[in-house]
Amino acid sequence: MEKTIQHNSNKVIIAENLTKRFGNFKAVDNISFEVERGEIFGFLGANGAGKTTAMRMLCGLSIPTGGKGLVAGYDIGKQTELVKKNIGYMSQKFSLYDDLKVWENIELFGGIYGMKDQEIKEKTDELMRALDFESERNKLVGSLPLGFKQKLAFSVSIFHNPQVVFLDEPTGGVDPITRRQFWELIYDATSRGITVFVTTHYMDEAEYCNRVSVMVDGKIEALDSPKNLKKQFNANSMDEVFQQLARKAKRGD
Amino acid sequence: MDKQNIQSESAISCKSINKTYDAIEALKGVDFEVERGEIFGIIGPDGAGKTTLFRILTTLILADSGTASVDGFDVVNDYKEIRKRVGYMPGKFSLYQDLTVEENLNFFATVFNTTIEENYELIKDIYQQIEPFKNRRAGKLSGGMKQKLALSCALIHKPSVLFLDEPTTGVDPVSRKEFWGMLKNLKAQGITILVSTPYMDEASLCDRIALIQNGQFLKIDTPKNIVSQYENKLLAVQSDNMYKLLNDLRASELTSNCFAFGDKHHVSVSSEQLSINNLKETLDKLGHTNIEIREIEPTIEDCFMQLSQK
Amino acid sequence: MMILLLMPIIQIILFGFALTTEVKDTQVAVLVPTNDEASSRIIDKLNASAYFDVVARIHTTDEIQPVFRDAKAKLVVVFEDHFGEKLRHNGTAHIQLLADATDPNAATSFTFYASNIINSYQQELMGENKNPYQITPEVKMLFNPQMKSSFNFVPGVLGMIMLLICAMMTSIAIVREKEMGTMEILLVSPMKPIYIILSKITPYFVLSCVNFATIMVLSVFVLGVPIAGSFMSLVAVSLLYIFVSLSFGLLVSTITHSQQAAMLVSGMGLMIPVMLLSGMMFPIENMPLPLQFISNIVPAKWYIRAVKAIMIEGLGITSVLKEVGVLCLMGIVLVTISLKKFKVRLE
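Residue numbers (my numbering), protein chains in the order written: chain D, 1 to 253; chain R, 254 to 563; chain V, 564 to 910.
Careful, some of the hints might be misleading.
Claimed, not checked - Just a sample of chain R residues kept apart from chain D, beta carbon distances all over 12 angstroms, derived:
#1 Gly319
#2 Asn330
#3 Asn359
#4 Met435
#5 Lys538
#6 Glu548
Said to hold, decoys possible - Computed list of lysine-lysine pairs in DSS-like fashion (alpha-carbon distance at most 27 angstroms, straight line):
#7 Lys904(V) to Lys337(R)
#8 Lys437(R) to Lys472(R)
#9 Lys85(D) to Lys121(D)
#10 Lys393(R) to Lys219(D)
#11 Lys387(R) to Lys440(R)
#12 Lys11(D) to Lys497(R)
It should be emphasised that the hints constitute simulated quantities derived from the structure, not laboratory data. Don't be surprised by glycine CBs; every beta carbon is placed ideally from N, CA and C.
All chains, full assembly: derive it from the sequences and hints.
Dropping the structure here:
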């Protein structure tokens, strides 16, 4: 037991033959991969390829029907509470409460993850400075522009210093400049040792990832660095790689 | 009659449209014209005012000031005429989730006083792709199929102008590409298309585009012209440590602007600054390895960023 | 938020003070063929008690029917001819208590109180003269001789169900289109807004008609509540009520933007007033004046009154003209406002 954990200590996510069935339908079909500490891992796939289901399982929100997975060293089938404690999560749809102020949101989520008041206070000040958000501190989140909100949501999702953060289409609809600032935040987080697991529909963002997997019909059809994938598929961009792979898809969602 | 003739040259015409919600200025003096048979793209991020503009043009809301006409008819006074001749696909695919594909299409055909058969030619190519699922409920369709059904429904009465509000948002790149293919076919049949999108890479698929940010048009032109009017030179820079490279490039006096762009960084430099060799040397000194620098043609996204920073 | 905090306060006050099933100030008409001291003493006593309010004095039996028809009184106290004389000479006299028993609970209570008051007068007389006097009150329950409570609740249920189906469901159905975004497409189509409305309300109209028929069949054949008056008048009044309810639903749909809000508005704005203020559960006469006043704008109050009159009391449509008039007016006002408010645009 000791041995395996030590052996895996640098692998933050390990999926082994992970499967999720709904009746006869295999939403996620026997996928295996590993994500290293501090890596940016892009998780691509067409609508209905099984990305969301897989992500839910890794976050401990859905129990796999087959295979096993370790996230931050904990079993996603059995130790879901410990998994949740050690990850951060942010999605395009829900992230912050619109009717709470910026600092109230931070305090709320810090509190949920059991952080001390003093720690929350110090880190909030630090964060407001880093994001250049001082003047927005007392504003309702609902009144902020989308790009601001997304940056804040990301910062909140890593506020408790999780080992890994899951981002579900974090930049949908965000303007190009903010989108890049957002990615700079991601880089910054990885430089502090946080692992980033991200889905996106923007193919240029796939290029920012250290490694990318492409899911087709519940299976992982390709997994490598963007550079190698482009070489492998003889393509100029990740978009071309994706188009080649996703066109094979037989099912919708 | 006279009024109509004067305006009938353009399919859509907008003059200094303003719209304010509570304290937020959603549109600030929007002016543009769309010619007949054109695919005109409104390109900008969420919250830029795209949906508000679409709702004004489809007669769903009233502008605070300014005038607009669609197909020669005023959006305020002749709204009934406009409603007879436009097709509209709102941002959310608005279908009856509990009706089947075929029932939805039939329903909208009836609403527009027509039948599926009457204009089947127009939707044939699109509808055939979802026909195998015609007995499936719309709520059970995938994003791409919903999008196709919604487009079929918007086309069922052979509209002269088609309004598509973010038809590709949240849809995967493959379905997006297919969708733009369909729009091209529709254009070939003489339908004017006004389409909005937050994806800058879709701009090149339009005849003309308007870049919109914070309720204002930054620029209206063909994608080609917009690219050619990019004010600086653009370099694509690569090295082994991209994050450090970004910070170094930003700090350097040899560059005006720098953004990450896929696997490269796009560096904007003025003509005076332009010296690939100098830049390479500087980066070399900073310890970068495998440096690659090339001058490239800007994308619409580069242009958008430059324009929005002014 | 405020609503959730205020709700319990309002309800406690309403139930604790304003709404009560106790009989108070029941309107009484008295038929006194011959004026004499005994009858006026009894009338005074009735009037002086908190339970009764003598509102009319009639002189012939022919006048009894109109009193009930016009809902002037719930109880008619009939003294026999030469009441005082008979009492003095024979030691016995008769009083008839004619009660409107469509609400059997109330009828039982107030006839009991009236008998008690008459009894106490008898006691007083005995005390004065030491002569054995005997006044026999004879209670007659009209319209509902078997004292079935279904006579009371059938009209109430009719009033409530139809409002629920028409108003709540219509408003939710229309607001649902707004939420799903399909309203946007329908508006940007050549279809006239009035057709959108008509097509949304037709199913609920049909549904309410079916419900009406079911309730009728059940109440006649299962509960044994006869339709004493004209069935056609009953149908006519009900159609009118359905129309009013539909317009109410329409109005709710034009002012709300989510199904939840529509539910809340029709729930709070319609269901609660109907339950509390329509006279279905709590007699309106016993409410404080402000509530009585408010009860006038609850359509169900008028409908329930009309149904009671036609179905239970067997009166013709001419005797409910006032109710019909009020409902018509409400319908017209509601439909005008909501058609005006139903926008051809989104905002």
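Outcome of the hint check:
1. Here Gly319(R) stays apart from chain D, with its beta-carbon at least about 24 angstroms from theirs, past the 12 angstroms limit.
2. At roughly 34 angstroms from the closest C-beta of chain D, the C-beta of Asn330(R) stays outside 12 angstroms, upholding its exclusion from the interface.
3. Interface exclusion of Asn359(R) from chain D stands, the closest Cβ pair being 22 angstroms apart, more than 12 angstroms.
4. No beta-carbon of chain D is positioned within 12 angstroms of the beta-carbon of Met435(R); the least distance is around 16 angstroms.
5. Against chain D, the non-interface label of Lys538(R) holds: every CB pair exceeds 12 angstroms, the least being about 23 angstroms.
6. Separation of Glu548(R) from chain D is adequate, the least Cβ-Cβ distance of about 17 angstroms exceeding the 12 angstroms criterion.
7. For the hint pairing Lys904(V) with Lys337(R), the CA-to-CA distance comes to about 23 angstroms; that is within 27 angstroms, so the pair holds.
8. Taken as a hint, the Lys437(R) and Lys472(R) pair is honoured in the structure, with Cα atoms around 23 angstroms apart against an allowance of 27 angstroms.
9. Between the alpha carbons of Lys85(D) and Lys121(D) the distance comes to roughly 20 angstroms, so the proposed pair stays at or under 27 angstroms and holds.
10. For the suggested pair Lys393(R) and Lys219(D), the alpha carbons sit about 22 angstroms apart, so the restraint of at most 27 angstroms is met.
11. This hinted pair checks out: Lys387(R) and Lys440(R) have alpha carbons roughly 26 angstroms apart, not beyond 27 angstroms.
12. About 24 angstroms separates the Cα atoms of Lys11(D) and Lys497(R), which keeps this hinted pair within 27 angstroms; it holds.
When each numbered hint is compared with the structure, no violation occurs for any of them.
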